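Asks: Produce the entire structure from the sequences given, and follow the hints as far as they go.
Chains as they are written, first to last, in our numbering: chain A, 1 to 431; chain B, 1 to 431.
Because the hints were derived from the structure by calculation, they are not lab data.
Since the structure is predicted, the reported quantities are computational estimates derived from the model, not experimental observations.
Nothing false has been slipped in among the hints.
Pairwise CB distance ranges, derived in the manner of DEER restraints:
| hint | chain 1 | residue 1 | chain 2 | residue 2 | range |
| --- | --- | --- | --- | --- | --- |
| 1 | A | 39 | B | 77 | 54 to 64 Å |
| 2 | A | 362 | B | 39 | 20 to 30 Å |
| 3 | A | 39 | B | 363 | 19 to 29 Å |
| 4 | A | 321 | B | 39 | 37 to 47 Å |
Note that CB positions come from ideal geometry on N, CA and C, so glycine has one too.
Here are the chains, one letter per residue:
2 protein chains.
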Amino acid sequence: MAIFQAVFGNDAENLDEVMSELGRRARSAANLLAFAAPEKKTAALLAAADAMDQRRIAILAANAEDMKAAEGKGISKAFLDRLLLNDKRIDGMIEGLRSIAALPDPVGRTLAEWARPNGLVISRIATPLGVIGVIFESRPNVTADAGALTLKAGNAVILRGGSDSVNSSRAIHGCLVEGLVLAGLPEDAIQMVPTTDREAVGLMLKGLGGTIDVIVPRGGKTLVARVQAEARVPVFAHLEGLCHTYIDRSADLDMAVSVTLNAKMRRTGVCGATETLLVHRDVVATHLKPVIDALVEKGCEIRGDATVQALIPVATPATEDDWRTEYEDAIISVKVVADVGEAIAHIGTYSSHHTEAIISEDPAAVARFFNEIDSAILLHNASTQFADGGEFGFGGEIGIATGKFHARGPVGVEQLTTFKYLVRGTGQTRP
Amino acid sequence: MAIFQAVFGNDAENLDEVMSELGRRARSAANLLAFAAPEKKTAALLAAADAMDQRRIAILAANAEDMKAAEGKGISKAFLDRLLLNDKRIDGMIEGLRSIAALPDPVGRTLAEWARPNGLVISRIATPLGVIGVIFESRPNVTADAGALTLKAGNAVILRGGSDSVNSSRAIHGCLVEGLVLAGLPEDAIQMVPTTDREAVGLMLKGLGGTIDVIVPRGGKTLVARVQAEARVPVFAHLEGLCHTYIDRSADLDMAVSVTLNAKMRRTGVCGATETLLVHRDVVATHLKPVIDALVEKGCEIRGDATVQALIPVATPATEDDWRTEYEDAIISVKVVADVGEAIAHIGTYSSHHTEAIISEDPAAVARFFNEIDSAILLHNASTQFADGGEFGFGGEIGIATGKFHARGPVGVEQLTTFKYLVRGTGQTRP
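Replies: Spelled out as structure tokens, the structure:
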């Protein structure tokens, strides 16, 4: 591709120009994709999956290059694990592409339709958003996921992955482009930023001269915070997942234990993991100890308020900071509350508006919890770790949004569309 | 109200503090309004309508003050007409309040609901957006409209009207607050910025420390452009309504005449007025002259391309600028195109993505027009002047949005809500 050579040939001195060109190409591709036949998009994703299957050796070789370079830098084990590809992970990406291909096409759905007294028939129809910029850290699989989800929704995408995964991402990107070409779709539908220059991210956040409609960051807090602070276009993101589980006075004991344990410990690093446990004071004597014992047995550190410390010897004191901290680790803060109202008030003060759960057998308490808390996802008698597009049945997600606009909660293919109104008349004029 | 005195008593030297306090009050009110009973909101609107009916004399007196002050400034006739209140216009506002009160409550609607294989039942439920900032020019009726629409959707609102209508707006605002108080709702649900200091607008556009969720500007291009350039929170707006009507080769002649005439001349100053007419070259001989004659007879100026000028002696030349101009006046630019594809391409280049219409009896041409144009509203055989929340059956609108996010097209009470997911389980944990 000429654009790659242009950049790598002259040290990206024309970064502005190269990025603008990327934007223009994306916009042109988006204009065509907006009304591409659903079968073509499906065909492109299936062909990309096949290409990935056939090019395993090349992809693994590219990844080995990235791994070797990263190992030399003394990067953390967790980082290296995210960077690593193996046959199983390639299988995962291939399955991902095929399952996204199999989803119903989200474009052209009739979202609403009604007739007016004057005979006009008005339909609200789903349309693609346009051009999506995805900025992610060195996780090669995001290249495939993000490319596939945005394509399915009829959008063009500009992918900017972490510099440590550039060879892996490029190999995966090659498969996606092969799918596009085989299906007769514009290859600029899925573009990769052809430079690891960090300034490219800054240009994307400014929207590349109006060509990027929305930015989706995928990564840790530092990345998301930068994107939210600098972006001049809409952003679908969550900065934190400071999720709560509240054990009501009416909670079933076994359920309180199993759901809380899952909510905290299934995977501690995901955004839907519970960080703070709230317990109704009437069940402190019965429920608190079994729940804490189960957590401690799995290796969880407990930080509690005074009541918790009095009852649970292993608990260290929870400070104001603890209520504000997304640990992303095997640590939980625990607070005893007087009633569901105090639980709601605590969540209102400290929540990141991501996901909260209530364990309760009392419909009135559940109704109040559902009614009065303004978070993207509220659960009753279920683990906060269900906060996930796949678990919602969206067939994958490009992320989870905690903003109030357009997309909220898991962002799947439907959330990557907007709409327009089609009005059918028979010559009506307005009085 | 103490806050008014604080500002007017010391020349707004503490503007920052006063505006922040306004924001905090709005946020507190929004938190309560979010789950206010629908009947209370309805009661507040009906009581506000009654108060307005009873306080006619005071409202007219306040308006007379504004009119007198404005007349002394040599302001335009159109401006004075928008500023003027009379009994009929007060009737209009009262009717508006009552019809918004009668709308179905948009909060708590189940937007979608589905079950997962693991038994979880997921619902998407409409919730208020939060705090809305409305910035408008000196049109007193916007005070009532915007206050009522935002309240109906469970939002708190901060109103900032033009300085020339401050007395009228304050009198109307008093009626709205009376309605809130009588219904037992927080009076801070509908606040007016208590100063005419322009810097207050700048503070609102920055979001008042995170308390404003969205800004809605109501006014001319200068206002909207400032808001779009400076706002650091989402904006529901349209900068221009550069709308097109395309007469296809298959268009019914009578319909082409009546619909085009209405689209351009019903009211030339509204955002849904057609500014450019595109005509298929095959019907230039039959359709162009009757359409132009009808427009000219109503006093419309014609600016045409070479073909149009050759056929229509009164047509002056249309320049590149004309295709880009929203006249908001009795002027139309006219271009002859080779086919529906050229019409679509012209619209793609020059449209403001607001509203476009096709007059055609050919389903294939209509399908292409609907499919390939990305504007908020597309019409078939109907006037572009139907671009209006009331005409869509929304029971009013706070404006029309041409952005792609969240609200697009007419912004009524439903568009002033967002949503959250409620997930009901029976103890599910994630594998």
